[in-house]
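Number of protein chains: 2
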Amino acid sequence: MATIDLDLTRTGQVMQLIRDRIERRLLTPGARLPSVRAMAESTGFSKSTVVEAYDRLAADGAIRARPGSGFYVAAPLSPLSLDRIGTPGEREVDPLWMLRQSLNDRPEALRPGCGWLPDSWLAGAPIRKAMRAVARSDADGPLTRYASPLGAPPLRALLARRLEEQGVAAAPDQIVLTDSSTQALDLVSRFLLEPGDAVLVDDPCYFNFLALLRAHQAKVVGIRMTPGGPDMAAFAAALVEHRPRFYLTNSAIHNPTGATLSAATAHRLLKLADAHDLVIVEDDIFADFEHVPAPRLAAFDGLDRVIRIGSFSKSITAAIRCGHIAARPDWIEALADLRIATSMSGNPLSAEILHAVLTDGGYRRHIEGVRARLARARARTMARLRDVGIEPWIEPAAGLFIWGRLPAGIDATALARTALAEDIVLAPGNVFSPSGTWGDYCRFNVVMSDDDRVSAFLAKACG
Amino acid sequence: MATIDLDLTRTGQVMQLIRDRIERRLLTPGARLPSVRAMAESTGFSKSTVVEAYDRLAADGAIRARPGSGFYVAAPLSPLSLDRIGTPGEREVDPLWMLRQSLNDRPEALRPGCGWLPDSWLAGAPIRKAMRAVARSDADGPLTRYASPLGAPPLRALLARRLEEQGVAAAPDQIVLTDSSTQALDLVSRFLLEPGDAVLVDDPCYFNFLALLRAHQAKVVGIRMTPGGPDMAAFAAALVEHRPRFYLTNSAIHNPTGATLSAATAHRLLKLADAHDLVIVEDDIFADFEHVPAPRLAAFDGLDRVIRIGSFSKSITAAIRCGHIAARPDWIEALADLRIATSMSGNPLSAEILHAVLTDGGYRRHIEGVRARLARARARTMARLRDVGIEPWIEPAAGLFIWGRLPAGIDATALARTALAEDIVLAPGNVFSPSGTWGDYCRFNVVMSDDDRVSAFLAKACG
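Line by line, the protein sequences are chains X and D.
The first sequence runs 1 to 463 under the working numbering.
The second sequence runs 1001 to 1463 under the working numbering.
In short, the hints are calculated from the structure, not lab data.
Because the structure is a prediction, the values reported are computed rather than measured.
There's no promise every hint is true.
Claimed, not checked - Just so you have them, the derived chain D footprint on chain X, three or more residues with Cβ under 8 Å:
hint, stretch
1, 13-24
2, 183-194
3, 413-427
4, 434-445
Unchecked claim - Which chain D residues face chain X? A few, computed with CB under 7 Å, are given here:
hint, residue
5, Ala1133
6, Asp1140
7, Gln1166
8, Asp1179
9, Ala1211
10, Ala1341
11, Leu1374
12, Asp1387
The beta-carbon is built from N, C-alpha and C at its ideal position, and this holds for glycine as well.
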């Protein structure tokens, strides 16, 4: 008996050693464990002890055996509990898979699922002009100096004027510049969330919301979308059941569905928010694409409990990172402190170039041109999708996306894997869905999907 | 008795209401509470109940009374438990106070305490040239497209070659670009830390390390600096006592002291790290200023347990944000995922401009010129400080800083407050010190302190 106890202790010691290394990130998910022989040699335990320890860890799910190849760490990592095993092609189809596929620089790939416009649609020429203007300036400061705590005053003043046009009264000091709308949301999450806090999102919603909230260890609660906004009965019930810290949405042109919040839903939503002291985070990055301005929660609420996030990544350039947050003055101060602590300073040169682009007469022409071309591409892609039996959930009034239901029996994730083998990056519905109940939908980029090769693939796969 | 119980319940209800609003960030530190009358009206409780609730909350330290002005939220906020009450001038002298003072755009202020070079010392002309070159390119992609997941391949290849010159073998895929070394450290902290984890830092250390680690709710453990690196006996004891997740340092030109890690200490440090499975984060942002390369932990260790962080904010420009992390391939993958989830993409235009600056022949001349001018400024500031009775802790071989002991009886924080009233921003020792035991030191920027008005102030204050 003493021998068995001793063995158990030894096995336990090896197990603890491995767990400790996983815990301390010295072994990360997907990493190969030392071979049984190497582990036995380095620790002084017998090979049978090591085998026993590895087997128990595998039974616990902490590691995985791959026949003929050894043992690998399987334990999901907090804060990003994503399966990182294997090559990108073998990764799970999750939000980060989606992002990596979209961001990977393979010029030959087709990207009907991607979330932005082609290079040539964006503001290349206005940016060149702005860069030359900034390069001509005599002062070295704008080219060499850290940003001020809230970011460049001229750009903040301009953003305040633009917000006013949308009915949102915000003083320049109620705006802090960030490097992107994603960083803006990250700062807001750092400010408002503790691990385990609940956050309401739309179901479906922009998939990176899910990755980001997971990085904050938030409990994500999805509210089923309707064409006029989130389902209000479900929303009210979730407020009571989960006491969420905030609700995160795009109210103008919803990603991925293209839906627009109705005035009635906006009103009910804000009434519920008042009653439950709920903060609302409104990510408004598609604002430039609207033909007719839709209701904005930030406008109704007057930046009392609404935090408004924006950027120009979709309409001007994604290569110059510059987003912003508009919110209550005390929140902006706290967010600016957090921004300094975690990234020191914004990118003042980016702010300078963007300000030059926005104040140039060419900007409005650029946006109007994009809107008109988008409308035509949307009509064409709608027709292409219907031709292959893909039915739009709604006909969006504006924006980049069509949320399309695949023909019966076709699973979007499986379709995305097949497509990737042909170098076509699709956006399958469930990467947008916290409940995983949109598996028969894909998000289609109306410009990138307006392509004969994409249509041919879809006809073959859906036919 | 029933009446009293009921009163207690009512008071408790009002208290809970306020606590809840503080918890949910609807009332933030420094925010004024509703007046007693307004609170009584909106809740339906009597004014005496509200007064009682406010008084008890004040007794608990959750709020503060200001005579004649009402009640204000005092509760420190996690994750940044800083006192945000009042105007910046009234804030506590803490790391974020220091950063805000330094970053505020008041051209008339003198900044002997600041952590960077004057605008005119940085690479204004090379940046103008690089911007014109980038603006001339035909392709729209570099001006409009998101970065690839790890960041621009040409810049990563160049950084890999530079690391090799420092003896650090890193493949380009072992490098991920970030927006700054601060963001790099933030990503590493997100990857490695859970709230409550211990982190070793030098005492004193760069003050924003303290703000950043506080934002991660880490337990910061300071290790007393010696001129050759951290005190090794204290280091070894801290490893056993605190089981830290990582040790964060600048090994080449230490901020704020200017110390350089000795080879013997580097060797002992890495042996201890091996024995305790300790990760080391080496922030090497002053590398460009070295005359003679000092030992690098990343070079000795070969990026096994060392994570190396760098940027060009100090030597080229702080207005183009671009840092980087070099580390084990599996960690780089995880860090890139975290980067995408929390900020979507790097700034490819910044990477493009920086790459053009670094590959231009003028870069080496620029750096050599800065080094030579820095050496002269260092000698002059050393003399100026000694003239007013401020004694350098060591005579640094390179870099931007002198860590100076004030004459007996002078408190650095009090001196910094006096200086600020004269629009002079000093860097008092304790903002760099987790133990708060460097209150008789200040960090002096050798360029910004080489100024007659600064000398005059110091002579008057220290005389």
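Structure-based check of each hint:
no., hint, result
1, 13-24, "holds (count 3)"
2, 183-194, "holds (count 6)"
3, 413-427, "violated (count 0)"
4, 434-445, "violated (count 0)"
5, Ala1133, "10 Å, violated"
6, Asp1140, "4 Å, holds"
7, Gln1166, "23 Å, violated"
8, Asp1179, "6 Å, holds"
9, Ala1211, "4 Å, holds"
10, Ala1341, "4 Å, holds"
11, Leu1374, "16 Å, violated"
12, Asp1387, "30 Å, violated"
When held up to the earlier numbered hints, the structure conflicts with 3, 4, 5, 7, 11 and 12 and fits the remainder.
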